[in-house]
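Asker: Read top to bottom, the protein sequences are chains A and B.
Sequential numbering from 3 applies to the first sequence in my numbering.
Sequential numbering from 241 applies to the second sequence in my numbering.
FYI, nobody ran anything at the bench for these hints, they're computed from the structure.
The beta carbon of each residue, even a glycine, is placed where N, CA and C say it ideally should be.
Hints should not be assumed to be uniformly reliable.
Claimed, not checked - Partial selection, computed: residues in chain B whose CB lies under 10 angstroms from chain A:
id, residue
1, Ile-248
2, Ile-257
3, Gly-296
4, Asn-297
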Amino acid sequence: MLFNSWEYLFFLPLIFILYWSLSNRKVVFQNVLIIIASYTFYGFWDIRFLFLILASSLVDFYVGNKIYSNVHNQKKSKNWLWVSVIFNLGLLGTFKYFNFFVHSFVDLAQGLGMENSSYWSLNIILPVGISFYTFQTLSYSLDIYYKKLKPTKDLIAFTAFVSFFPQLVAGPIERASNLLSQISNERKFNYTQITDGLKLILWGLFKKIVIADAIAPIVDDIFSNYSEYTATTLIMGIVLFSFQVYGDFSGYSDIAIGSSKLFGIELKSNFKFPHFSRNVAEYWQRWHISLSTWFRHYLYIPMGGSRVSKLLSVRNIIIIFLVSGFWHGANWTFIFWGALHALFYIPVFLMGRNRMYSDNSIGEKGWLPSITEIIQVLFTFALVSFSRIFFRSPTITDAFAYLNRIFTEMSYESYFHPNGYRMIDFFILISLFTIYEYIIRKDERRPFKFKNKGVKTMVYSLMVLAMILFYDDTGRSFIYFQF
Amino acid sequence: MKKLLYQIAIHGLFIFIILECMVRVFHFHANPPQQYIDEYGVRKLVPLQEGYNVTGNRRQHVTPYKVNSIGFNSIQTDFPKEGNYNVALIGDSYIEGLHQPNHNSIGVMLASKLDSLKVYEYGISGYDMADQLHFVQAYNKELQHIDEIILYMKFENDFERSAYEPLLISESKLDKIRNHSKLLTYLRQLGILNSLKSFLTTNTKKLLFKNEIQEENSIAVDDPKFSLQRISNFKKLMKTYNFQKNKMTLLLDSRFTNTMFLDFCKENNIKIIDFKQPFQSAEKETSLVYDAHWNSYGRELIAETIFKHLTSKNK
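Bound conformation, chain A alone:
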């Protein structure tokens, strides 16, 4: 079920009413409802893969308790952790990476001259959201192993934690210390929290429908037919894709966080206006925060993080970005994308500027950003957008060919979309969107902070109008579902 579908429009209020009508009973009833709703929500894609979520829940519930019960026996505890790691990464490896490894191995063998090597691959469908929920359950076992968390004895609460529908298929990836603790405890009907949730849903839908989906056909056309376009169009394609992927994924996260608020549950922020980052390090503190936090906690810090020598730290950074790239998809394009980000990040790290902007945002001192900040933001945006050529291209060959054309076909051309889209509409839209995001840049969870009720209603109306003006009946899915 998509957040931007009619199904969800009916599904969400129905579950909301049922959920709060159970509020005077024990919390277990609400948790059972969450499980039913979440499995129904997921079942709209493919009912067959529900068993994977269930298996992941049962295995990590059991393993978590085993790790904890062997807390004084380090070896046993570690062995149980390995069970969780192998199971979860095994699921990912089988469903997401199996064919990639087979094809890569065959390519390598053929490269070494073994031309006639026969091989087989499996026709495996990638279950939606597998990268997200496996990482979430894995974090549970890891937290118990690192003694940051006590395992729950409540299987229903744990199953609800793993399958909680607002964040099941594309995050934010939650740690049990935040989400499970809320699910295990009683939730109170909080009017402010719920209205904040509704506002976030509206803002997320705006980003998805108006920004991401409206731009998508243009991006699709440019990336599919890049060999017919010159540099100006290709650069426009990259910039538009940056807005598309941001609108799509941050829109999804906002709807997820907003929907979750309706049930009295707070999820962590996943985006904090990443396009206003002043360097790549700041960008990674603002983009897909739940994933970068996951990698920092469970990979970077255990490897020594930045507390080791500079050389080892650089090694750790490279590993983190390569793994992050690989997490996104079983394709060399994502690995290359990760490598590029490592390349952008390392100089910032070596200059000691990687934590420089962690507690402040652009335009702190006044209404407008300084000239230096504008240059920094534009430079960072250019780097990040450049890397997205690899993120968006279907193959590494296409990505290099796209890049090659930018440098070899350096002439201006007017762009005409085959469907005749009026491009000025999109330029105005993106400009207004960027200005609005700048205005609200200090609080990603409250996009409509207007004191005047009239202004507030007018802004809501404009959001809805924009959704109508850019409505497209193709019902696009979310980009990050493929990961």
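For chain A, the structure is supplied; the task is to place chain B on it using the hints.
Answerer: The following block gives chain B in isolation, referenced to the frame of chain A:
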């Protein structure tokens, strides 16, 4: 909970009112001309209406229209008179031409090719062959000075009936109420309301009549029996309305016309004007961007094709 529902209702109402005002002020909606059934039982536009045809979410294509005193969107205000070579162009929305300024219609383009040529356009959205032939018969007296009648047809749409019955698209009371709101009209025109409606009806049907839906889906749309049925309907219409083979010509695109029908026309000496060739070798797009109808270039090609047919016929 009560407070929440109250606030949602209040905000919803205010948002609706603001959007209604915006849609009206910026005229995002189209106001298609109203139709009626005249004293001959012919479906026409209410005479002397004026308005704007708008397509695209963001007013990407806006055209004014003006219905003449006879009830068609055309610059010709009278029925044909003696002294010229008069051509009647009859058809559906492609001939009605709400998507184009009526001074730039196929008829005007065709008439501009020869001084003695007068073209009269009688197009109404949704006109099928029964509508067209009934119109010609009902207005037989008024059309007595017409030398050539060109009937625009699409095989898959225009032969579903074997007899004419005056039909106006009926609107329920709910539709009529909805039409008072320009916002809802706009949403309907964009397909948003229909999408919601079909979501609701499909799911209700799925729940209630699962087997019947499967049966409906199992019917093959390209079954030859449908083509034969359409040809049979045409035969009946020809007989009922005394199809004048010497005067009447079918305007069609043979790429989208069943070959059995084309063979039938050939065997029965029914003249056709086929615009397949010019459209296939067209240098530019022949349809509008936000509208499936012919653009200026497409209309010019049609006019050119008809003109070639007329000149070859009257050599």
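Asker: With a cut-off of 10 angstroms, does the beta carbon of Gly-296 of chain B approach a beta carbon of chain A closely enough for the hint to hold?
Answerer: OK, holds: Gly-296 of chain B within 10 angstroms of chain A, min 9 angstroms.
Asker: Does the closest beta carbon of chain A sit nearer than 10 angstroms to the beta carbon of Ile-248 of chain B?
Answerer: 8 angstroms, holds
Asker: Hold the hint about Ile-257 of chain B up to the distance rule: shortest CB distance to chain A must be less than 10 angstroms.
Answerer: At 9 angstroms from the nearest chain A Cβ, Ile-257 of chain B passes the 10 angstroms test, so the hint holds.
Asker: Using the nearest Cβ pair, does Asn-297 of chain B come within less than 10 angstroms of chain A?
Answerer: 5 angstroms, holds
Hint violations for this structure: none, all hints satisfied.
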